[in-house]
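Visitor: Below are the chains, spelled out letter by letter.
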Amino acid sequence: MAEVEETLKRIQTHKGVIGTIVVNAEGIPIRTTLDNSTTVQYTGLLHQLTMKARSTVRDIDPQNDLAFLRIRSKKHEIMVAPDKEYLLIVIQNPSE
Amino acid sequence: MSLTPTFLSLLLLFLFLFCIFPLFYFMTNQLITHSLTHSLTHSLTHSLTHSLTHPLTHSLTHSTAQPLRVITEDTCLFHYLVPAPMSPSAKSMCSETGSQDSGDGNSRTLHWDPDPSTLQLHSDSDLLGRSLRLGMAKVTQVDFPPKQSVSYSKETQTPTCTQTHTQAKPAEEEEEEEMAEPKPAEESKEEKADQEEKQEEVTPKDLTEEEKMQLLHSEEFMAFFDRGSRIVERALSERVDVCFDYSGRDLEDKEGEMQAGAKMSLNRAFSDERWSKNRVVTCLDWSPQYPELLVASYNNNEEAPHEPDGVALVWNMKFKKTTPEYTFHCQSAVMSAAFARFHPNLVVGGTYSGQIVLWDNRSNKRTPVQRTPLSASAHTHPVYCVNVVGTQNAHNLISISTDGKMCSWSLDMLSQPQDSLELVFKQSKAVAVTSMAFPLGDVNNFVVGSEDGSVYTACRHGSKAGISDVFEGHHGPVTGLSCHSAGGPVDFSHLFISASFDWTVKLWTTKSTRPLYSFEDSCDYVYDVMWSPTHPALFACVDGSGRLDLWNLNNDTEVPSASVCVNGSPALNRVRWAHSGREIATGDSDGQVLVYDVGEQICVPKADEWTRLVHTLVEINENRDEGEELAAQRLVA
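From first to last, the protein sequence lines stand for chains U and R.
When you line the first sequence up against full-length UniProt numbering, it's residues 1 to 96, in that order.
When you line the second sequence up against full-length UniProt numbering, it's residues 1 to 637, in that order.
One thing to keep in mind: the hints can contain errors.
[As the list claims (entries may be wrong)] Derived EDC-like pairs: lysine to aspartate or glutamate, alpha-carbon spacing no greater than 16 angstroms straight-line:
no., chain 1, residue 1, chain 2, residue 2
1, U, K15, U, D65
2, R, K426, R, E472
3, U, K52, U, E26
4, U, K15, R, D625
5, U, K52, U, D35
6, U, K9, R, D491
7, R, K212, U, E85
8, R, K320, R, D272
9, U, K84, R, E219
10, R, K365, R, D226
11, U, K52, U, D83
12, U, K75, R, E292
13, R, K464, R, D403
14, R, K511, R, E451
15, U, K74, R, D241
16, U, K9, R, D226
17, R, K429, R, D491
18, R, K365, U, E3
19, R, K318, R, E422
20, R, K212, U, E77
21, R, K511, R, D524
22, R, K212, U, D65
23, R, K320, R, D241
24, R, K511, R, D625
25, U, K84, R, D226
26, U, K84, R, E220
27, R, K429, R, D412
28, U, K15, R, D226
29, R, K320, R, E292
[To be verified] Here are some chain R residues pointing at chain U (derived, C-beta under 10 angstroms):
no., residue
30, K147
31, Q148
32, V150
33, R227
34, A235
35, S237
36, E238
37, V242
38, T323
39, E325
40, Y326
Quick caveat, the hints were computed from the structure, so don't treat them as lab data.
Heads up, the beta-carbon is just placed ideally off N, CA and C, and yes, glycines get one too.
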């Protein structure tokens, strides 16, 4: 458990990282370093997007599955590491 | 509407009632007597029960036990129920549900469908104000408007299939029908969607702190987090900007070839604050399956006695993250480590206590999954050398400890060695082995270096199992051995080099017990030496003053062809070429692992290197013989 904390802290203190969210299968954020409203917004939107991305991948090839999702926008980069049950979301500002 | 006939009948009945009640009023001028109302209600209910719908009859059957009460102006809801014009004293309590009995039973209301649009009858006040006269009641026409269909704009919620359906039908009538049907369908869908959304919005607040902590401690979360955080850390460290615009902006930092002709440049430095600080790197090994993985073993941290004594970290060259891929530790200081050659998931470690430990990166544990026993059948002295030799189907783990015991193990079962051999020289002197090397392709013969400064060749099997020859030449303990491994047109597998505390590196051949050449450029203990896996004449050595030297026999045997000094001059304990022969990893006494890129001119062999080496060796041989002759002559003289 301490390793989880340590790793989360390490990710959070990485250069340019704005926030880290851990989400469970139902779309409920379990751990977050952002404020509540932002967390809820990110969680809701990214959960849906991940589901959509996963279903897209599986529709194209049923043996395939989503491994990693990375959205590069003009200002930020959002990385989503999905799993059967959880999501790890990290938002980074790559220009820092 | 299915109810319309019943409502029409209700209308008629109320009209009937309307006629009856004024009659009573005339007759009695008082409250409707119990008997009359009773009989009236009976007849009414009888007639009503036939025509009304079930819920209404249900409520009515309740009321058969009770008389019909007059509803006065203070009844709020049931104004469509025609009241008796008299009896101001009649009280009735209106109850919204209507079907419940109150205690006294006097209050009784009938529960009708309270939708006011279905029946519009005169309100109480109108009737009470007027004098009682029989007359035709005003028949109010009620038009049932069609059910309000809420229309939505196309962009939001209309399902495309129904739209296309409606558009496809050419006839207008059909279109209209279709439009009516999809609209209620859409409505119901939207209602459902709204409900679902509301439910979803409600659920995020369900988990309490305790539940969250529980989730965080669960096994699946650990497994997920281990994997997910690993990937995210790698992705975070990537600094590649795919959107970089070369035309618009100035290039601030010029990546790429800084020096085209560089000899050696530092590529990566690996160290971990928690696990590698204050520990000495005791061994390095590159993975045969994944050329970017490197395992480094560390001994104990004197300044942290509560941390595990032995640590092995697997570093990844491919990604820029600065933390190890895998962290393994065990209770005793790890003196040697290797990737198990035919098992990509296993890392073998030889420890100071004599145990051989096996870590598996498939398990989530950081502690070893298998350990050899601490018994006399296994090792009881520090194990400085571990190696997996053989082929895919027939391989063994060979380990030698400093008491001269050599054991061969099967990686599946570490509970006892398959075979063990005492390395003794001349049947008495046990050899304190500090380093071991197998020639390329050979699983039987090998060379060992010992603490007394001699190098021995030995065999594992056969009649001459054990030590065969002794190569004396070093004046101090032998710290590193390496057999020639660059395959090519000419076979040099008889060559091997050794490094020692006597500041020298000596070149030997198995055909002769005297060293071929001694490289004496160093000013400190030479800790390790290794032939390049690709270049036949190139080897690297590291010494205690922080120098990493590359010697090319074909160029010059007096001075190294390339040399680099590590920042801070820590003692470099280990050196390992990557399997590609393009990179060198060194471990130092501060727990840092440094990976250097070697320039192409140096590390890539040209086609004639092998033949040149043959000539070089011939020269070396001649020089050696001359030197010996000279030395002999001097002795004589």
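Visitor: Take the hints in turn and mark each one as holding or not.
Guide: Structure-based check of each hint:
no.: 1; hint: U:K15 x U:D65; verdict: 30 angstroms, violated
no.: 2; hint: R:K426 x R:E472; verdict: 15 angstroms, holds
no.: 3; hint: U:K52 x U:E26; verdict: 14 angstroms, holds
no.: 4; hint: U:K15 x R:D625; verdict: 62 angstroms, violated
no.: 5; hint: U:K52 x U:D35; verdict: 26 angstroms, violated
no.: 6; hint: U:K9 x R:D491; verdict: 54 angstroms, violated
no.: 7; hint: R:K212 x U:E85; verdict: 14 angstroms, holds
no.: 8; hint: R:K320 x R:D272; verdict: 14 angstroms, holds
no.: 9; hint: U:K84 x R:E219; verdict: 13 angstroms, holds
no.: 10; hint: R:K365 x R:D226; verdict: 11 angstroms, holds
no.: 11; hint: U:K52 x U:D83; verdict: 14 angstroms, holds
no.: 12; hint: U:K75 x R:E292; verdict: 32 angstroms, violated
no.: 13; hint: R:K464 x R:D403; verdict: 20 angstroms, violated
no.: 14; hint: R:K511 x R:E451; verdict: 23 angstroms, violated
no.: 15; hint: U:K74 x R:D241; verdict: 12 angstroms, holds
no.: 16; hint: U:K9 x R:D226; verdict: 14 angstroms, holds
no.: 17; hint: R:K429 x R:D491; verdict: 33 angstroms, violated
no.: 18; hint: R:K365 x U:E3; verdict: 12 angstroms, holds
no.: 19; hint: R:K318 x R:E422; verdict: 42 angstroms, violated
no.: 20; hint: R:K212 x U:E77; verdict: 27 angstroms, violated
no.: 21; hint: R:K511 x R:D524; verdict: 29 angstroms, violated
no.: 22; hint: R:K212 x U:D65; verdict: 27 angstroms, violated
no.: 23; hint: R:K320 x R:D241; verdict: 14 angstroms, holds
no.: 24; hint: R:K511 x R:D625; verdict: 15 angstroms, holds
no.: 25; hint: U:K84 x R:D226; verdict: 14 angstroms, holds
no.: 26; hint: U:K84 x R:E220; verdict: 10 angstroms, holds
no.: 27; hint: R:K429 x R:D412; verdict: 33 angstroms, violated
no.: 28; hint: U:K15 x R:D226; verdict: 21 angstroms, violated
no.: 29; hint: R:K320 x R:E292; verdict: 12 angstroms, holds
no.: 30; hint: K147; verdict: 33 angstroms, violated
no.: 31; hint: Q148; verdict: 32 angstroms, violated
no.: 32; hint: V150; verdict: 26 angstroms, violated
no.: 33; hint: R227; verdict: 7 angstroms, holds
no.: 34; hint: A235; verdict: 5 angstroms, holds
no.: 35; hint: S237; verdict: 8 angstroms, holds
no.: 36; hint: E238; verdict: 9 angstroms, holds
no.: 37; hint: V242; verdict: 7 angstroms, holds
no.: 38; hint: T323; verdict: 7 angstroms, holds
no.: 39; hint: E325; verdict: 13 angstroms, violated
no.: 40; hint: Y326; verdict: 12 angstroms, violated
This entry does not satisfy hints 1, 4, 5, 6, 12, 13, 14, 17, 19, 20, 21, 22, 27, 28, 30, 31, 32, 39 and 40, going by the numbered hints stated previously.
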